[in-house]
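Here the protein sequences come in this chain order: A and B. Residues are numbered in this note's numbering as their position in the first sequence, beginning at 1, plus a constant of 121. Residues are numbered in this note's numbering as their position in the second sequence, beginning at 1, plus a constant of 121.
The reader is advised that the hints may include incorrect statements.
All copies of an identical chain are treated as equivalent in the list; a pair is satisfied when it fits inside any one copy or across any two copies.
In silico lysine-lysine, DSSO-like type, Cα no more than 27 Å apart, as pairs [unchecked claim]:
| hint | residue 1 | residue 2 |
| --- | --- | --- |
| 1 | K244 | K254 |
| 2 | K244 | K145 |
| 3 | K254 | K183 |
| 4 | K254 | K145 |
| 5 | K254 | K182 |
| 6 | K182 | K244 |
| 7 | K193 | K145 |
Calculated directly from the structure, the hints in this document are not laboratory data.
Number of protein chains: 2
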Amino acid sequence: MSSFVFPARTTPAEIELGTTLQPKFGTDGLIPCITQDATSGEVLMFAFMNAESLARTLQTKKATYWSRSRNKLWIKGEESGNVQHVREVRTDCDQDVLLLKVEQAGPANAACHNGYKSCFYRKVASLDDSAPKLQFTARPLFDPATVYKKK
Amino acid sequence: MSSFVFPARTTPAEIELGTTLQPKFGTDGLIPCITQDATSGEVLMFAFMNAESLARTLQTKKATYWSRSRNKLWIKGEESGNVQHVREVRTDCDQDVLLLKVEQAGPANAACHNGYKSCFYRKVASLDDSAPKLQFTARPLFDPATVYKKK
């Protein structure tokens, strides 16, 4: 793919039941992206892509997002080494969401900056609580030593 | 939960590594929600929730979203019967995304209005194509007979 232009959106029938990839980028130029472990199915993270991210992800087969906080292209693992090798790219019925199936690689095999394999490392402990508490479901794979680290 | 008010957001450390559910609803009052089959791990759909949706999902254990197109609360399966029984509710590191693990029930066991079990029924056929085409990965479980139906 030499440019970052995807086909224009056509009709609902073609978008929903056709075979042309015509992703819907929002008014901010972004499309939500769910990233899942290709083998286990574990949801690893959720992020956004712009057209360039998606084009580069397809070209390089390395997950490349758009960082909203840093306002720049974000090649996952570029700094940490925890790259994601893309095995499959899916889209949903109305093509306004992407789903990547990846092999999470790198020194820690962690998708989350807090050191966990998946960003979804906490669940609501009991669905019957009136004041729901979170419960950890995993241990970190490395000590992130970030500003978020609790004393 | 008698009201739809969740705890106010506190510090990054508490949000990321604490046990208080303090979800971030955007300026539009919505939080993205990924819904996954509790058994197979298949990602079924992606939608949004507002505070009332989340509170009702926790209360009733039936997935309840916010329909942006209809601008109303959307109890999944209320009309089709294809309800989602919620087994687990997760959130991500910065608590701005939700992940539901559900048992998809109902007459068709389909999460997608187009008749598919999952909305993600198409993948990019080849990651090496300069003009990527989509390829179907599943057959519909029912004939949706919607306006999107292809002739």
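Hint-by-hint comparison with the structure:
Taking the shortest alpha-carbon separations for K244 and K254, only the intra-copy value of 8 Å comes in at or below 27 Å, while the best inter-copy value is 37 Å. Proximity of K244 to K145 under the C-alpha cut-off of 27 Å is restricted to the inter-copy arrangement: shortest distance 16 Å between copies versus 31 Å within a copy. Taking CA atoms no more than 27 Å apart as the test, K254 paired with K183 passes between copies only; the shortest distance there is 19 Å, against 36 Å inside one copy. For the identical chains of this complex, K254 and K145 are inter-copy neighbours only, at 15 Å across copies versus 36 Å inside a copy, given an alpha-carbon limit of 27 Å.
For the homomeric pair K254 and K182, the shortest alpha-carbon distance between copies (16 Å) is at most 27 Å, but the shortest distance inside one copy (38 Å) is not. For the homomeric pair K182 and K244, the shortest alpha-carbon distance between copies (14 Å) is at most 27 Å, but the shortest distance inside one copy (31 Å) is not. With identical chains, the CA atoms of K193 and K145 are at most 27 Å apart both within one copy (20 Å) and between copies (22 Å).
The structure meets every hint from the earlier list without exception.
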